[in-house]
Structure formats: C-alpha cells, structure tokens
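Engineer: Model the full assembly from the supplied sequences, consistent with the hints where possible.
There are 2 protein chains.
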Amino acid sequence: MSMSGGRGGRERLVVIGGDAAGMSAASQARRMRGPDELEIVAFERGHFSSFSACGIPYWVGGDVPERDRLIARTPEEHRARDIDLRMRTEVTEIDVAGARVRARGVDSGDESWVSYDKLVIATGARPIRPDMPGADAPGVHGVQTLDDGQALLDSLAHTRGRRAVVVGAGYIGVEMAEALIHRGFQVTVVNRGKEPMSPLDPDMGRLVHRAMEGLGITMVNDAEVTKLLTGQDGRVRAVATEDAEYPADIVVFGIGVRPETALARAAGLPLGAHGGLLTDLAMRVRGHENIWAGGDCVEVLNLVSGQEQYVPLGTHANKHGQVIGSNAGGGYATFPGVVGTAVSKVCDLEIARTGLREKDAHRVGLQFETVTIESTSRAGYYPGASPMTVKMLAERRTGRLLGVQIVGREGAAKRVDIAAVALTAQMTVEQMTALDLGYAPPFSPVWDPVLVAARKATAKVRAR
Amino acid sequence: MSMSGGRGGRERLVVIGGDAAGMSAASQARRMRGPDELEIVAFERGHFSSFSACGIPYWVGGDVPERDRLIARTPEEHRARDIDLRMRTEVTEIDVAGARVRARGVDSGDESWVSYDKLVIATGARPIRPDMPGADAPGVHGVQTLDDGQALLDSLAHTRGRRAVVVGAGYIGVEMAEALIHRGFQVTVVNRGKEPMSPLDPDMGRLVHRAMEGLGITMVNDAEVTKLLTGQDGRVRAVATEDAEYPADIVVFGIGVRPETALARAAGLPLGAHGGLLTDLAMRVRGHENIWAGGDCVEVLNLVSGQEQYVPLGTHANKHGQVIGSNAGGGYATFPGVVGTAVSKVCDLEIARTGLREKDAHRVGLQFETVTIESTSRAGYYPGASPMTVKMLAERRTGRLLGVQIVGREGAAKRVDIAAVALTAQMTVEQMTALDLGYAPPFSPVWDPVLVAARKATAKVRAR
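Protein chains in written order, with the UniProt record's numbering: chain A, 1 to 464; chain B, 1 to 464.
One should not assume that every hint holds.
Which copy is meant is left open, so a pair is good if it fits within one copy or across any two.
Under the rule of at most 25 Å between Cα atoms (straight-line distance), these lysine to any residue pairs were calculated in the SDA-like manner [said to hold, decoys possible]:
1. Lys460 - Gly331
2. Lys460 - Ala425
3. Lys456 - Tyr332
4. Lys456 - Ser375
5. Lys460 - Arg31
6. Lys456 - Arg31
7. Lys456 - Ala425
8. Lys456 - Leu281
9. Lys460 - Thr376
10. Lys460 - Thr334
11. Lys456 - Ala80
12. Lys456 - Gln28
13. Lys456 - Glu77
Source of the hints: derived by calculation from the structure; they are not laboratory data.
Structural biologist: Structure below.
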C-alpha cells in the first residue's frame, strides 16, 4: 500500500463514483478552477463513466441501437479535461479524520490511500434483489448498469424460449416489459401492488394496466414472488408466487434500488430513514464542511411533504453534481429539493406524476380533496385529439396544490411540468385556474386539461 | 319601438355578444343561479354562437372537415339552458344612466329597448382592414368569423388562379399561409416586419421564416402594402407595395384585430390606450358596479410589464367569461392578468412565446440579459430527438425571468408553459435551474432545454 501526496500547494478534490452526480461535480469544479489550482481525482469501480441508466430499457428494446450512445462522456474525454478518472478502482474506506480514502484496483487488487482536501461521495444505488432461492440463477437479470444491460441482451440472444417474467411494475419494470415485447418475448409482469405503476395512485395505475394488456403483456397484481425455480441445467425456469408459477426463460428484476451507502455508514456519516446520506442545501454532508454527496446515494427534501425522501433519478443526480461542483470549486449554489416529478411511457401511453399521491398526503397528515377529469390533448375538433386523464390533489381549506397525475397520449407527460412549477411556487388550485398557458387547437383545448382539473378542484375545495 | 320589462322580481342579466366571453359568462351565471332567480338575455348580431375563431385556419386548410365542428355550443343548446339568446340582433346603444340597451333585428330592422340589472359587454374585435384602394374587391378576404371562413372557402373553390397573397405574418397570417398551401395555392406572404411572427424577437422569427420557405411559401419582409390592384372584372389581381407587385387571385388579410368598442365609447365607458375597455380584477368595467366586460373588447394587465395590453385570444375570453359569470351570478372570482403566452405552428415547426420580447422590455424600462440555447426535444440518443431553440430574457441584477421564446419540433410549444408558470410566480432564472421537471429519454434530455437556458441565463446575470 502506498500513500500519494505532495501536491505542490494545489487542493485535491476526490470524487467517489464516476457516473452522473460524481462526474457532473468533477466537470463543474473543473470549469470553476483550473488544474493549477485544483487537482481532481475520481474513482469508478465499473467499466463506464457518465452513462444514462435511464436509457437502458430503450437500448434493450432496440430503440437505441448501441450501448455507446448511452455514454455521455468517456473516461478519455474526462481525462482530456484534466480530471484524473481512475476506472475499475473501488474506494473501500473513507477515513474522515485522516481526510483520505483507500482505493483498490478491482482487477489488480492493489490498494493505496489517497488524501483529499475536498471529498464528493457519489456512490449511487444498488438494485434490490430479494434474498430468495434462485435469485442468482442464470437467466435472472437486473438492469442497473451497462454491464447488466449487455448481459441481458446476450441472454435474450441465446435463450431459445420466448417467455419473460418481469418482477416489479414501477418505471423500470414497465419499461422493461415493453422492451421485451419489442424483442419478441411473451411477457408477464408480477407486481406486489394493486395496480402497476405504484408511483401513481391505483385508480390511475389502472389506466396503465389497460395499456399494458393492450400491448399483450400479462399483468399479475397483488402477487409477491416467493422463489425462482431452476431447471436441471441450473437456469431459471419459472417464477413462483404463493398462488402460482409463471414459466420463465428470462427473469428481469425491476423492483427498485437502495442507496449504496455502506462506505458512508462505515465512516460514520449521517444517514436518513431511507438509508441515504443526509446533506444540507449546498449538498454538503451534514456536519462535514469538506464532504459533499449527491445522486442516488442521498436523500432529498420533498418540498411538498416537508420530509426527506429517496428519489433515485438521473435528473436530480445531474443537478446535485452541478451544485456540488460549484461549491467545491469555490462558488455557491444550492439544491432546494424536489417536488416528486417523474414521467414515463408504455407504448404511446404517457404517464406523469408530481407532488404527493393520496397515500403520501395521508402519511404526512394532510387533509385533501381529489378530483379526476377527462379532457383531450388537442382541441376536440382538431385531428389527432386523444383522451387525457388528470388527477389533482389539493389541500382542504387552503386549496394548496398537493399533487398531479396525468395519463394520456401525446402531450400528457410533459404537461405535468405545469404542476411541478406550481408546486414549487406553492400555488393554490384557484391561482392555477388563472394560469396563462399556451393555447392553439393543435396543442390544447381552449381550457388546458390541467386548468380543467384546477377548476374542478377549486370548486371542491370551496364547497367544503 | 317597444320596451320589455315586468320581470316578476327576477334580476335580468343582459349579454352583448354571443361568442366565447359572452356565452361563457351567461353559462356560468346560469350555473350559479337558476331561471327563477336570474333571467339571461344575450344578443348576437351574427349567425353563430360560441365558435372557435382559432380553428378557422385549420378548417380552411382542410384539417377540420366541416364548419360545425368549430361551434362549441349552438343557439339551441344555449336556449335549452334557459339563456334567451337572440341571434341576428345587434345592440346599437347602451344607455348606462337608464340601465337599458337598444337592440335591433339585423334583418327586420325592428328596434326595442331592453332594460338590465346587470350587463356584460363582450363585443369582441373587428379585423384591421387598411383603408386603401381595392381593399373591398372580390377575392379579398378576412378570417375573423365563420362567415368569413365560408366566403374564403367558396372563393378558393371558384377561383381558377392558384396564386394567393397573405398580408401579415402574425399567428393568423402564418396559419393561413399554411392552410392555403394545403389547398394547393402558391402562397406569398407580405409582411411589414423584419421577419415573420412578430410576437417573437426577429432572431427567433428568422427560424419561422426558414420553415415557411421550406413549405414553399414566398416570404416578403420589410414590405408595406400600399394598394390592391383589380382587374377589369373588378376582382383583385395583385397586391402592390412601394417596390413591387405580387399577382394574386386571392388575398387574405391577417394583420390583426382591434377591440370592437364603438358602443362602449358612445356610452362613455372607460377605454385604454389600445382602445379596449378597462376593467378591474373582477372584470367589472371601472367605475360601474353592474357592468362587466371581457374577451376581445377589453385590455388586460400584463403581469410582467405591469402595463395594460391588448391580447385578443380565445383562452383569455373563456377565462373572462368564467369570472364574469361567477361574479354576475353572485359569487366571487378574479382574473389577475396575463403573462403573454401564445403558441402556434407552421407545418411541424412549433412556435411559442411568453412574457416580454426584447422590445417590450425596453419599452417598460427594464434592463435585461438574453441567452439563446440549442438543445433537443428528447435525449440525444433517443430516436426522433429534434433540435429546439430556447431564448430567455432575465432582468439584470435581480435575475427575474422576463420572457421565453421557443422554436422547435414536437414538444417545443407546450414547454413554454413551464416559463408561463414561472413568470406568474415571479421566479428568478436561478430558481428555475432547480425546477423538478419531468425527465425520461423519450421526453427530454436529462437537462430540459428550459433548464439549460435558465442555467446559461443565471451565469450571465451573475457575471454582470
């Protein structure tokens, strides 16, 4: 084990994790301070830097033709910007008192301590894989990394059978189900919840359910997977629940991720109720002046519920990195929190949510009214107008907007941004009824569906 | 002349104008109060009620197959809701002191006075038609009413020539140019401004110019029409500017509208600098407790500039009607103002704006920074990602958002709603950089184009 040091007066920024949050932080810090002022060393244990995990389902489904399209910036590109990115190098310990990290070559096994003046923890997430028989059998896949995606594609290419089971019906589960349909598989989705797409309330998830059935996907709700059955060759052959068995040549797990915070925990850094690192508004780890954390390993403040939440999304990771890099580079920026916006699609059905679902609002003690309206994507008389369903939650008495869910065809998903901004500004649904939104027959009815929902919510709040 | 009266204790609400604002007001008032409490009499001088003027270009272009699709509610449907809608009946005088209006049958010429307890003025707009030789010749058309649209369609069907000239390159001019291309005409657009689409700054209008040329439209900028030349048959044969003549078998004027406020002016009601009625926040005509006005005959407060503005758009007219009907029905609602949002399209190029253009900001004394960025509609690696240009204006020092213009393909237009809500909430561009907008590869790059613009604007404001 060696000890690197001797930096000739330059500060050293060490980054753990070479993906969205870590490399955004490194890049932004580099923009703020040149290599003569700040040395930047980044460690990534995998084979790839700065890739779009959100793009994996589209690569697996064939919409994105090749893996490398998902890589936003290669290690060489980072190095060309004077970022010393060390691939296949894992950090195995953070010594906070000594201001150093221990790094180990994944292939070589060589270890060394690297000291830091400033540290960024961007260790990401690890997929949840239930501890059950057969969970590691050949034919069972996750889709967290590009390596996972490649392994799945190889498996799809070599499997003779055509039956796939997806476990989980959140964003990844639903997107993977569609991807597997595109690859010519018969797909069954086994889901613990009452309806697919648990980021929505079940009444809205029901609309997604119908669309999935329309694609030929078999949807099994209210079902907990108990074990994976394997054949004599050791490969997976079925997924078992308490009630049934679903034959499977391929199984894909998409039941979510947890913050990868084992290193942080061992170092005594503060973790929240969801296991993620806790930071302040400048993305500094609480109580630590020179340590920042961001991306899928941190918890974020939900501005609507007022509580910390775990929201592992690339869009937040990029913003965290930007904020961390500005601060670590001697500037100033903050990440105030999220409102819980997410969008997805199944075939041409667009799915969007922001703010709180009914159960979120109950959990934090809010009383509220809900409305659900049907409208159209364009003026009713304009060709291509398609139905759109908008659900809206508003606080009782105050009328403050609490959440919006939208399911529909073209133009449904990004309409949720109207509500995302309104939530950030803490608008009431009555204030929303006066919003000056874009109107022309090809783009909206004269009352935008979000305004129709806001009007109905206003009437309901007023009536109580 | 007769005098109607004797209402058995019921109040009478009189509405002048049977289109969006007037009939929305009547409908909402009826929802609030039944016919035993409130009598509603509405006068419309034309042949149609509650039609979508915004839809006329799409009807003329053939996207909307028939006229009646543009009628939201027929006179019979209004009457079935106990609204006494009198078609082809013109109000010729408002007697404010006597609380009565004089109505005249357009066809019969019969006149009578009708008294009111509450009055709604929704007289709409009249198209600007320059006072020049040939302006009334056969073959010269406007597109304000359904009758105008029908006359134009008849003219298109019977004209042997295939050359059309559109005068004006605002929303209507550009939409009509495309409609005429769809009908197989060679189209020249003669435009007074430097670039088409004057609701945008010229640098953004330039992008629309290119798209119009791509459709085969001949665009003539910086050109003022001086006269229309007619042939021996009296029909229009060319449009003349100072420099040139443009042969024309059909001429369509789309150079905007003015508030139709002759009645209001004669009655001594308050008008603003743009000739529109001035109202308070409840849409009451200033100084008049029992008179409301809304739609294309009023001026509205621009919440960004702090000044009254004339914005004749159906979306505002419907909101005005809603607010007026609530108040006239004994409830309470307000219309706080507009931020100047508008969207349109030329072929598949979407065009959007909100807030102030550079010249608007100059006019009201604001100092500002501008940025223009290029991004894409979807993640760069996702199929169908197309370029999008976003221009953003932010106030110097404070960084307050002042305006956004967007030109691009799918998803460009309604993205402006993000900025419309942010303007309403008086956000700074730096606050906007933290907005939790929907992200998934089919819908947006990981940094939404609006966020990219906000980041660049933030950097520019900070640097000054």
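Engineer: List, from low to high, the hint numbers that the structure doesn't satisfy.
Structural biologist: none
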